[in-house]
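J.: Could you slot chain B onto chain A? The hints should help.
Protein chains in written order, with this note's numbering: chain A, 9 to 566; chain B, 647 to 861.
Read the hints as simulated data drawn from the structure, not as lab findings.
Being a predicted model, the structure only gives us computed values, none of them experimental.
Backbone N, C-alpha and C define an ideal beta-carbon position, used for all residues, glycine too.
Among the hints, a few may not be true.
[Claimed, not checked] Below, in silico cross-link-like pairs of lysine to aspartate or glutamate (EDC-like), each with a Cα-Cα straight-line distance of 16 Å or less:
no.	chain 1	residue 1	chain 2	residue 2
1	B	Lys704	A	Asp400
2	B	Lys842	B	Glu728
3	B	Lys809	B	Asp793
4	B	Lys808	B	Glu795
5	B	Lys788	A	Glu548
6	B	Lys809	B	Glu795
7	A	Lys328	A	Glu245
8	A	Lys424	B	Glu684
9	A	Lys201	A	Glu245
[Stated by the list, open to error] Pairwise CB distance ranges, derived in the manner of DEER restraints:
no.	chain 1	residue 1	chain 2	residue 2	range
10	A	Tyr434	B	Pro659	48 to 54 Å
11	A	Arg521	B	Gln797	28 to 34 Å
12	A	Ser243	B	Val685	48 to 54 Å
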Amino acid sequence: MSFLQANGIETPYLILPKINIMAEPCNRVYSSYFPILLILALGAFLLLFHLDHRPFWQDEAETACLAKNVLKYGVPLAYDGVNMISQEQGHEYDENFLWRWSPWLQIYVTAAAFRLGGLTTFAGRLPFAILGLMCIFLVYQLVRHNFGDRAWALWAAALLTCCVPFLLYARQCRYYSLGAFLTLASLYAFREKWQSKMFPALLLCFSLGLLFYANYLLFLSFTGAALLAAGLLYSSEVPLARSLKLIMAVGIIILPGLFLFSIQQQAAMVSLGAILANLENYFGDFFQFMFPLPLGFFLLWRWGRLLWTRSGLSEAPQEKFILFLSLVVLGNILILTPAPQGEFRYLVHLYPLCAIVLGWIVCRAWRYQKFSGVLLAMLLLGTNWLYVLPMDWLGIISRPVHNDPHMLIYPNLPLKLYISELSSPYPDVNQNLIRFFQTHARPGETILTAYGDLPLQFYTPYRVFGGLGGPIVETQPPDWLVPRWYTRWNRQYDLNESEVLIRQLLAHSTDYRPIILPAEDEIFGNQPDPFFHRFIPPIESIAPLIVYEKNPPTRQKP
Amino acid sequence: MKKIRLPGRNLSPSQWGKLLLASGLLLVFVQGVLQLHEVQNFFFPGRYYALKLNLIRKEYSKIDGGLSSLQAQLGRLTRLQEQQARHNLFPLRLSLSNSSSPPSADGDRFNPDSSWQSMFHAAQKKRVYVARKLHYIDLIQKAMHRDLEAQLSGNGSASPTKKAGMEKTLQQIRGSQALGRTFHDNLKNLSEKLEKLAEGGASPKARNVPYSRAK
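Isolated chain A (complex conformation):
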């Protein structure tokens, strides 16, 4: 057996015990923390630079509008006396307009940020970007503190810092980085002595409980998978009595939420028929944007061989932890599959876990062969080639029809694209519409839009309706119509009410005149999903943005 030197002690594994920093000379501490400080500085730049370069898109604006109402009414109300917030045909709120669809934590975090920084895009996104930065540090700290492997810890942190999809999600005024942070916090607590100490037990309890209030899908999928994986790999470290107490405590924290949010109503949408399609979507996206397929095969080959030969898993704590994380990720995806929407955003909290696994693989590759280690690190840090190309060769890559070579679905240099977007942002569809209405609409006017109603509600003072909301009850024809080229259907695959009404108004009336804006009618705007995200304007402009204005003689006086 080969022995390694760790802190002067011979050990079969690369375990460095928790280091007492205070005992070290000052310059050693400095040099020890310098690389992570450098990574954090890069992370801070990538996460915070031009944070408000694009306005909120529909989903972010939902959180922002609800947060605005929290400042006004103390609770998230879907109606503020002028506008209604809805993207699910009006099913998200009760008879008192109280928001009961998604958990409130992200809304209150945004409201607090608005209270401190004003109703701005920057303020809305700032807490989530900071949480993203904390994720980078926590990834480093989790590995360094528990396994003492500084190189692994640094690689994991660097890989998360340079992971463009993670950066895109962390810069959103939405629960994504909050979910990732709470996931990491629970893992950190799990690796501490929660069995005997109070603080780690409380941390575990609250991070899981709060994860529910960030997004209960994340809570259900992560907790379920983590419990199973812990039972399988760390059964000796999970005492029954303490674990039951912990589960009960988490249960008490989430209990009010179980009644408050319409979980039952949404659970009715769970469909066994969707499992196969969701499985395909989740694994497709996972290998395309999160974890390269060849490295997945490597882990499968490594652990599969151990299973087949029954030689047993290496008892090295690092590898055991990597297997634990891999099982958590796998379990998470499997638990998510019956949920009605197979969206990539429900996997974002797994990015830090993947970074830890990838960091470990890079270190192994380096120790195996330096040239390959460097090449692998370069490919993972600077390109998406290891993700996209093998899937392309196997013919299993997924691309939307309306694609562009400057998207992450093609072989690219993601950081270059990302920095181009931040340094020279182009006005996206929401920015163009906001600017247009801020300069052209008059106080008291009404806007009916097929999509993108919520950004307009947040940034303009007008009555904006339509979008993906429910039935439209309007006595007067709206002053402005915004049809969008990308048709949207509801969950029953009927055209949305707003779409139908706009078509009817335009088909049976000569009251409206079109205004063609010199801008592209993009599908979403600042959508972070790497499957759709545009860093720079597309090569082909396929549809201009058209706004219809009611003719002046028929226009109602505000």
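T.: Relative to the frame of chain A, chain B by itself:
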């Protein structure tokens, strides 16, 4: 005669592993560089349109498959409706009320009305899938056509080979657009049938037709 010995015969399994790992990573690296849009554009300027057309061809084959499966779904729905009518059961119609969830609650599978609704829902989903793809492709082809025509008219000094290449691409786009129109007509026909089924044989309900050709 002296035998030529391959160097691989002297390599240990571990060395083979290292060689394979390094060459695999190098392959990805080289392929990645070559497939960057900027590099492709530099070495093969006209290739972008060819790639795009190839992608559209692939999408058309998916659309074709989607239309066939929609047709099969319609056949099943019609048979089920006729069967129910023969047995004088309650008329099978789609509830067009705004229910909160799609008719996919798996517990209700054994209810004939629910099973019909599930099948109808699946057919609707397929129709939307095809309509969306067709609409996308329609607009993309129009944009490509417009851009190429502009390039051709504004590029008087271009070499005859380049012009011929552009003309050829334009012809391919026109051919592809013609094929798209056939798919559109087919989808329109199937959409109307589906709407009739939803109404239990009555005329299509305008509000539910998710089909609209881009003008």
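J.: Next, verify each hint and record whether it holds.
T.: Hints, one by one, checked against the model:
no.: 1; hint: Lys704(B) / Asp400(A); verdict: holds, 14 Å
no.: 2; hint: Lys842(B) / Glu728(B); verdict: holds, 13 Å
no.: 3; hint: Lys809(B) / Asp793(B); verdict: holds, 14 Å
no.: 4; hint: Lys808(B) / Glu795(B); verdict: holds, 13 Å
no.: 5; hint: Lys788(B) / Glu548(A); verdict: holds, 10 Å
no.: 6; hint: Lys809(B) / Glu795(B); verdict: holds, 11 Å
no.: 7; hint: Lys328(A) / Glu245(A); verdict: holds, 13 Å
no.: 8; hint: Lys424(A) / Glu684(B); verdict: holds, 13 Å
no.: 9; hint: Lys201(A) / Glu245(A); verdict: holds, 9 Å
no.: 10; hint: Tyr434(A) / Pro659(B): 48 to 54 Å; verdict: holds, 53 Å
no.: 11; hint: Arg521(A) / Gln797(B): 28 to 34 Å; verdict: holds, 32 Å
no.: 12; hint: Ser243(A) / Val685(B): 48 to 54 Å; verdict: holds, 52 Å
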